[in-house]
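Model the full assembly from the supplied sequences, consistent with the hints where possible.
This is what each chain is made of:
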Amino acid sequence: MLTIGLMHYLVLSAAIFCCGIFVMITKRNAIGILIGVELVLNSVNVNFIAFDRYSQQPGFDGQITALFVIVLAAAEAAVAVAICMNLYKNINTIDVDRGDALHG
Amino acid sequence: MSNYETYLLAGVAVPFVSFFILMLFGPRIGKPLSGWLAVAAMATCCVLGTLTLVGWLGEVDSGTAAELTAAAGESQFHWADIGSVPIKVGVNLDSLTVIMFFMVTFIATWIFVFSIGYMAGHSDEVDGKSKYHRFFCYLSLFGFSMLGLVISSNLLFLFIFWELVGLCSYLLIGFYFDKKFASNAAMKAFITNRVGDFGFIFGLMMVYFFLGTLDLDGAAAAFADQYASGTGLFDPSFTINVLGWHVSGPMMATLMGIGLFCGAMGKSAQFPLQVWLPDAMAGPTPVSALIHAATMVAAGVYLVARVYRLLTPDAQLFIAGVGCITLTAMALIAIVQTDIKKCLAYSTLSQLGYMIFGLGMGAWIAALFHLMTHAFFKAMMFLGSGQVIEGCHHEQDMRKMGGLIRKMPVTGVTFLIGVLAIAGFGIPSMNLGLGGYFSKDEILAVAWDRAGIGGEGHHSDQDGHHAAASGATAFDLVSDSHEAHNGDDRVAGHALATDDADHAGVLKLMFWCALITAYVTPFYMMRCWWLTFMGKPRDQQVHDHAHESPMMYVPLVVLAIFTVVSSYALFRPLIADAAPALTDAVLVTAYDGHADDANHAKGALINLHGAHDWLFWGVGWSWAIMFLVAIVIYRNGVGLGSKLKSAFSPIATLLEKKYYFDEIYDFMFVRGCRLLASISAFWDTYVVDGIIASLTSKATERFSAFAGRGVDANIVDGVFNGMAVTAFDLSNLFRSPHTGRIRNYVLFTAGAAAVAILLLLFFDPVPDAQAILTSAGG
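Quick note, the sequences are listed as chains A and B, same order.
The opening position of the first sequence corresponds to residue 1 in the working numbering, with each subsequent residue numbered one higher.
The opening position of the second sequence corresponds to residue 105 in the working numbering, with each subsequent residue numbered one higher.
The set of hints was computed from the structure by calculation and includes no laboratory data.
Beta carbons are placed, not taken as given, at the ideal position from N, Cα and C, and that holds for glycine.
Keep in mind that a hint or two might mislead.
Label-pair ranges, simulated between beta-carbon atoms [claimed, not checked]:
id, chain 1, residue 1, chain 2, residue 2, range
1, B, ARG839, A, LYS89, 20 to 30 Å
2, A, VAL71, B, ARG839, 36 to 46 Å
3, B, MET827, A, ALA77, 47 to 57 Å
4, B, GLY822, A, GLY32, 50 to 60 Å
5, A, VAL11, B, GLY826, 53 to 63 Å
6, A, ILE91, B, GLY822, 19 to 29 Å
7, B, GLY814, A, ILE91, 49 to 59 Å
8, B, VAL823, A, ALA77, 49 to 59 Å
9, B, ASN825, A, ILE91, 45 to 55 Å
10, A, VAL71, B, ASN825, 54 to 64 Å
One-sided and incomplete, this derived list gives chain B residues near chain A with beta-carbon spacing under 8 Å [claimed, not checked]:
id, residue
11, ARG839
12, GLY844
13, ARG845
Dropping the structure here:
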């Protein structure tokens, strides 16, 4: 019988993180990138909770931090969606490759 | 240094100070004041000149003058050496210097006063800037130069001041330089004078080379010494090869004299360099009066008088010839002039011719005496013409004047006095007359004697002691001097002295020319006066506006008084006092240079008209006859005059065209110069430029191509462009990651984080990291 340990959570978290990064890199749609960011944030949340559960003195620190991150993520999503709307307003699309006015 | 030298030197310095102040601060000193400054300076000079004159008269009376002259010669300042020849600066203190100094300062002072009145009525602005101060600035410079010329004891300094007066003349003729004719006249005067000065410099070089000094007295002494001892120029074996011609010593001496005289020909406007003086009337009238009638043009006569002891008989004959041509030819031109100033200008030329003629004929005293009297009355007449022109609103044409005597009584009367003086007004046998009566007639008397018209009998029945007898006439004195000259023991002189018999024809011709001109002079002067002041007004508009102003007629009155009371009692004896030095010169045919007679030295009036009935009546009454003729012809204006003119139209045209001298010079020199210029231009453009273009410019082009393309483009540009390209490439390199795309940034960030973690794992910078991971795994 397989015992679920800390390493499993970490691998899961790393997988989700990599998926998030992959989404952010490959997606041209701003909303898609936002989704990738959410995946990255949630992989971090998994890590927080896992480390909290498997530490020497388990408590609620990790869970509270995870909740805090969720709140931040919500706020961040609001800002990001606003940015997306402005992007659309300015260049009539939310293709981030087109929003490269700051290129060198 | 005696007081007199101090006075004279101070007198030269004062106008220079005035010139300097006016040059630097003239515009600030302002309109009337700068004029008065110049007047004050010149008046100071005049006071100094008068003090010198008065003192000097006393010295002459007490017989100490000669000592002072010698002392002044001793106390010269050693200025510099040219080669081995010392150049000494000093005051040539003798009677001639004193009298010239007084004459120049006195006339100049009153002309300066007149100038203030004259300039008040004239526009003096060019481009909105006033030239008023500049006029007086130049006048002051002229005063300085002229006085310096008069007192110079050295030919070099005389020459320097000579050039300075020429410069002043140029500046003042061209005072209205914004008018084309004035600036042309100024250039003409300057260039014509250069022609004469070329000869002058040549003469100076010969004096320096052959006589070994430029000192006036020293040169004369050396000349006499060489002659006496038969060395130098008078060495029988002396010969110089000039362009294949073998020139003997006496001939060289003659050339030297003629060279020096060339300067006088330019400055005193003698034939054939006379062309500039009539044109010089383009200058302001006070300038015409001061410079081109009274003083500067007399400088040529003064020069000849000063170098008189260096002249050989042949040179003297040449001088007399030039003077004779000038006095006759110019007097004839004056008859047809209609411009009042031009008429006076030609009369000046003619009178200068008389002076030069007199000097050439040996009438040294008479010529310089004529210079003095002429200076006063001619300056006065010019000022009078200035007053007329000013009063008639710049009308200079005598045909439009007439009847001005009622509007300008003072000017008319003073002008008449001038006319009488120049015409030789006097009552024969009564010793009564004006300046010209004595001075001009004395020149004629000497010429008469020289030409031998009096007959051999006259000569032969004189004996050497006759002159000392009381009641001797000038003619007797003159002839007697001749006898003395021939009879004295300077036998050596006869070897070289011109035998007058050889030139009897020429001498006679010259005398007759001078005599006939003595008839022409009263005619054209009376014509000028009558047309201007008498008769009916011919142009009512001119007549209505005519007026005269006190500022301008006061100088006229002063000069007129001086012309009347002048001159005979004061000038003649002093000039005669300067003459004895001439007797030292062995070669000189100075007929009236023998001033040992009591009458000369004491200044007693000498009756020139006491002998030789036909000459006495003929010359003495010439003024009256010709005045009558002029009045008869011109009493009703120009009508009869112009009829006569058309009757003799070829001659009148010749005279009006001034013998076509301007045209000839224009053809020969102006056109010639232009032809030469175009030939030079052709040569320059095609030959010189051709060579330059094919050689130099091609080489330059090659070199610059190499330097431009090779060195500059590759090396210099390469370095700088290389630096720029490197900077550009580098910045491109650093620019390229900044794509502006989010995903690239994310990739870089993630990649960098991954690399960082890998590094942490493998190189273990944090000792516990492995443990942490291990324990986490546990």
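Review point. Is it true that MET827 of chain B and ALA77 of chain A lie within 47 to 57 Å of each other by Cβ?
Key: 50 Å, holds
**Study point:** chain A contact restraint on GLY844 of chain B - CB to CB distance below 8 Å
**Key:** 3 Å, holds
Point to revise | Cβ separation of VAL823 of chain B and ALA77 of chain A, checked against the hinted range 49 to 59 Å | key: 57 Å, holds
Check your understanding: ASN825 of chain B and ILE91 of chain A, beta-carbon distance inside 45 to 55 Å?
Key -> 39 Å, violated
Check your understanding: Is the gap between the beta carbons of ILE91 of chain A and GLY822 of chain B within 19 to 29 Å?
Key -> 44 Å, violated
Practice item. Check the following: the C-beta atoms of VAL11 of chain A and GLY826 of chain B are separated by a distance inside 53 to 63 Å. Key: For VAL11 of chain A and GLY826 of chain B the Cβ distance comes to about 55 Å; the hint holds.
Check your understanding: Cβ-Cβ distance between VAL71 of chain A and ARG839 of chain B: within 36 to 46 Å?
Key -> 39 Å, holds
Review point. Holds or violated: ARG839 of chain B as interface residue toward chain A, Cβ cutoff 8 Å?
Key: With a closest approach of 4 Å, the ARG839 of chain B hint holds.
Check your understanding: Honestly, do ARG839 of chain B and LYS89 of chain A meet the 20 to 30 Å range at C-beta?
Key -> Hint holds: Cβ distance 29 Å, inside 20 to 30 Å.
Review point. If you check the beta carbons of GLY814 of chain B and ILE91 of chain A, does the distance land in 49 to 59 Å?
Key: 53 Å, holds
Point to revise | Cut-off 8 Å, beta-carbon criterion: hint that ARG845 of chain B touches chain A | key: Where the cut-off is 8 Å and the nearest Cβ of chain A is about 5 Å from ARG845 of chain B, the hint holds.
Practice item. Take the C-beta atom of VAL71 of chain A and the C-beta atom of ASN825 of chain B, compute their distance, and say whether it sits inside 54 to 64 Å. Key: 59 Å, holds
Of the numbered hints stated above, those contradicted by the structure are hints 6 and 9, listed in ascending order.
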